[in-house]
Amino acid sequence: MAMADIARTAAVAEVAAPVLRVTDLQVAFQTPHGRVSAVNGVSYEIRPGETVGILGESGSGKSVSVGAIMGLLDSPPAEIGGHVYFRDTDLLNAPPAETRRIRGDRVSMVFQDAVTALNPGLTVGYQISEMYRVHRPGTSKRDALNKAVALMDQVKIPSARQRVRSYPYEFSGGMSQRIMIAMAIALAPDVLIADEPTTALDVTVQAQIMQLLTELREQTGMALILITHDIGVVAETADRVMVMYGGRVMESGPTAEVVARPAHPYTIGLMNSVPRAEMKHEKLRTIEGAPPVLTAMPSGCPFHPRCAKRQPECSRDRPSLQSVALGRESACHFAAEVLGA
Amino acid sequence: MISAITGGYFARRLLTSIIMLVLVMSVVFFADRQIGDPARMVLGTTATEDDVRELRERMGLEDPMWVQYQRFIVGMASGDMGDTFRYGISKPLNHGEIPDSRKTLPIAMDRLPPTLLLGGATILFSVIVALPLGIYAAVRPRTFGDRMVNVLSLAGVSIVEYWFALILILLFAVQLDWLPTSGYGTAAHVVLPALALSLRPIGRITQIARSSMLDELAKPYITAARGRGIPLRKIASVHALKNAAIPIVTTIGDETINVVTGVIIIETVFGWPGIGALTVEALAIRDVPLIEATIFLLVLMVLAINLIVDLIYTVLNPRVRFGA
Ligand SMILES: Nc1ncnc2c1ncn2[C@@H]1O[C@H](COP(=O)(O)OP(=O)(O)OP(=O)(O)O)[C@@H](O)[C@H]1O
Ligand code: SF4
Ligand SMILES: [Mg+2]
Numbered sequence: 001m002a003m004a005d006i007a008r009t010a011a012v013a014e015v016a017a018p019v020l021r022v023t024d025l026q027v028a029f030q031t032p033h034g035r036v037s038a039v040n041g042v043s044y045e046i047r048p049g050e051t052v053g054i055l056g057e058s059g060s061g062k063s064v065s066v067g068a069i070m071g072l073l074d075s076p077p078a079e080i081g082g083h084v085y086f087r088d089t090d091l092l093n094a095p096p097a098e099t100r101r102i103r104g105d106r107v108s109m110v111f112q113d114a115v116t117a118l119n120p121g122l123t124v125g126y127q128i129s130e131m132y133r134v135h136r137p138g139t140s141k142r143d144a145l146n147k148a149v150a151l152m153d154q155v156k157i158p159s160a161r162q163r164v165r166s167y168p169y170e171f172s173g174g175m176s177q178r179i180m181i182a183m184a185i186a187l188a189p190d191v192l193i194a195d196e197p198t199t200a201l202d203v204t205v206q207a208q209i210m211q212l213l214t215e216l217r218e219q220t221g222m223a224l225i226l227i228t229h230d231i232g233v234v235a236e237t238a239d240r241v242m243v244m245y246g247g248r249v250m251e252s253g254p255t256a257e258v259v260a261r262p263a264h265p266y267t268i269g270l271m272n273s274v275p276r277a278e279m280k281h282e283k284l285r286t287i288e289g290a291p292p293v294l295t296a297m298p299s300g301c302p303f304h305p306r307c308a309k310r311q312p313e314c315s316r317d318r319p320s321l322q323s324v325a326l327g328r329e330s331a332c333h334f335a336a337e338v339l340g341a
Numbered sequence: 001m002i003s004a005i006t007g008g009y010f011a012r013r014l015l016t017s018i019i020m021l022v023l024v025m026s027v028v029f030f031a032d033r034q035i036g037d038p039a040r041m042v043l044g045t046t047a048t049e050d051d052v053r054e055l056r057e058r059m060g061l062e063d064p065m066w067v068q069y070q071r072f073i074v075g076m077a078s079g080d081m082g083d084t085f086r087y088g089i090s091k092p093l094n095h096g097e098i099p100d101s102r103k104t105l106p107i108a109m110d111r112l113p114p115t116l117l118l119g120g121a122t123i124l125f126s127v128i129v130a131l132p133l134g135i136y137a138a139v140r141p142r143t144f145g146d147r148m149v150n151v152l153s154l155a156g157v158s159i160v161e162y163w164f165a166l167i168l169i170l171l172f173a174v175q176l177d178w179l180p181t182s183g184y185g186t187a188a189h190v191v192l193p194a195l196a197l198s199l200r201p202i203g204r205i206t207q208i209a210r211s212s213m214l215d216e217l218a219k220p221y222i223t224a225a226r227g228r229g230i231p232l233r234k235i236a237s238v239h240a241l242k243n244a245a246i247p248i249v250t251t252i253g254d255e256t257i258n259v260v261t262g263v264i265i266i267e268t269v270f271g272w273p274g275i276g277a278l279t280v281e282a283l284a285i286r287d288v289p290l291i292e293a294t295i296f297l298l299v300l301m302v303l304a305i306n307l308i309v310d311l312i313y314t315v316l317n318p319r320v321r322f323g324a
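Order-wise, the sequence lines are chains A and B. Residue numbers for the first sequence follow my numbering, beginning at 1 and rising by one. Residue numbers for the second sequence follow my numbering, beginning at 1 and rising by one.
Careful: at least some of the hints might be erroneous.
What the hints assert, rightly or not - Restricting the straight-line Cα-Cα distance to at most 30 Å, the calculated cross-link-like pairs of lysine-lysine (DSSO-like) are:
hint, chain 1, residue 1, chain 2, residue 2
1, B, K219, A, K141
2, B, K103, A, K156
3, B, K242, B, K219
4, A, K141, A, K156
5, B, K242, A, K147
Keep in mind that the hints were calculated from the coordinates and are not lab data.
Excised from the complex, chain A in its bound form:
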């Protein structure tokens, strides 16, 4: 299983050029308490058909990092630096008219809470068909509505034809998320970003939504960026994973390898805090302490106040993200030892 994943990742990497390249992404906010840095030097790329998982606790900068890509952050207060290339267009620096046409069409996003992300005053049919009306000018109302029905079928909403004229409040949370997904895949995007698409849902519905996303990725060959704080979900679906903490990347690499042999104490902490079948009778260990607040970022390694392996230099020198194996990086002074252990 693990070997097959690695082989597939390698195969994808060879055939296709990256569809999205994020280089040295920086996001800071001007707040009443001063300037805070929420995302600091995040870089990654994703190829067609690939799934990249972004993993991290609450507040680690996952949403902000993709919000910058999707143009969701208001400046002020946000100050955004770095580059995000979709093919040859820098989404952070190209004219808004150009990036607007890419967002929603070539790169689209599914939000954590579909119920609040849908417009309560417009029918779901209007909201889905609007994707065609906006990005494919000339599509007739009727055509767009028919396509909306087809999409609702595709995301498995029962009796789509009748429900296309319903308002969002007439749908459950899971069904609302399906509608969000329908909008996001309407124009067959090259990249789909799913920001914790299941956290607001019941456990059984969560599995269905993940299943749907995986199926759609396989059918369409789009690249999927999956944000979650559930390492189990990442392990099941992502080819590669990026672990974030305090706005920085702690570790990245092929999921199977990272899960099998983590190269960062924080990753180990995350894995230990997941309930697993074989440790039914053990007490669930969580990482002690709380994630850092942006206004009081620890010196040196941001994880040091909570790290079991910390040494004196950890609070002094900030470890940079370094290659630890082929395709793997870790930001820990003792990455080699952690990996070897």
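Dock chain B with the ligands against chain A, hints included.
Below, chain B with the ligands without anything else, positioned relative to chain A:
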């Protein structure tokens, strides 16, 4: 989609409207009999007590109160609210021709079209100006443009209508001689009174449009719409406006009702032959049946506006339709 539940809802609303109408008109009935003796007004201070009593009898004012009240209620229900005491008889009032009938309700109804014209022009103009202003300000908060809109709308709600009307007359009619000072008949005549009346609605509607648009624009569904590449113009004018519409419509309704009361003064100032001016005339001569007929129509207008606003709610809010 408009279901039987909605039908029942409107039947209920209609019933409350009728009760409101009867209550308000009853207050009018008792009040307008306390504001001075109409018979003495007609006959002057030199008339004898006997002459006054005889005229009061002819006017029906000597009947027992409950008989008068009964006549009044039946009159409203049957659409015959009695004869005018003196309108068009002693001397033609400012604007009217001598009417064919002495029935108060037809006399009052004749004055309805000018008022509807003035009120309609006022509200239409106000909405056309205020809505874009409010939306404009909301999509660029804290900019120079937003601040200007804020100051102007605050001025609009603060300035006294009557005073503003006089300024308008002095400036555009007397000084510049662009527009007539008063009267009725041409499009030019409607400009100044409509301007005077629209100042406050423009201010209020702008303020509410701005604040409710700001509220909506901060919601997650707007962020999500931006992420779908929907143009800002469309996000504001369709996505946010659809949800901001309910407070805006409420305000437009409230302001329309304010215009209905505002016409009473403004029509008098501009010599506009509407129902507002007629109310003032009727009050001045203590023409009790005519006062009652004009106020009856004014109250009916207010209630009709409320019903229309309610109807618009059901169109705007999908949940209302299901009686939620
Ligand atoms: N507009 C803003 N102004 C100031 N700080 C902000 C703003 N938006 C986000 N932040 C901060 O940026 C940090 C990262 O937030 P982000 O939403 O990306 O976290 P996350 O990893 O997505 O967490 P979660 O799992 O809870 O969704 C948080 O500390 C948050 O408070
Ligand atoms: S650098 Fe030090 S504190 Fe940071 S993760 Fe590694 S061992 Fe822990
Ligand atoms: Mg988040």
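Against the structure, the hints come out as follows:
1. K219(B) / K141(A): 27 Å, holds
2. K103(B) / K156(A): Given that 30 Å is the threshold and the Cα spacing comes to 69 Å, the pair is violated.
3. K242(B) / K219(B): 13 Å, holds
4. K141(A) / K156(A): 23 Å, holds
5. K242(B) / K147(A): 24 Å, holds
Hint violations for this structure: number 2 only, all remaining hints satisfied.
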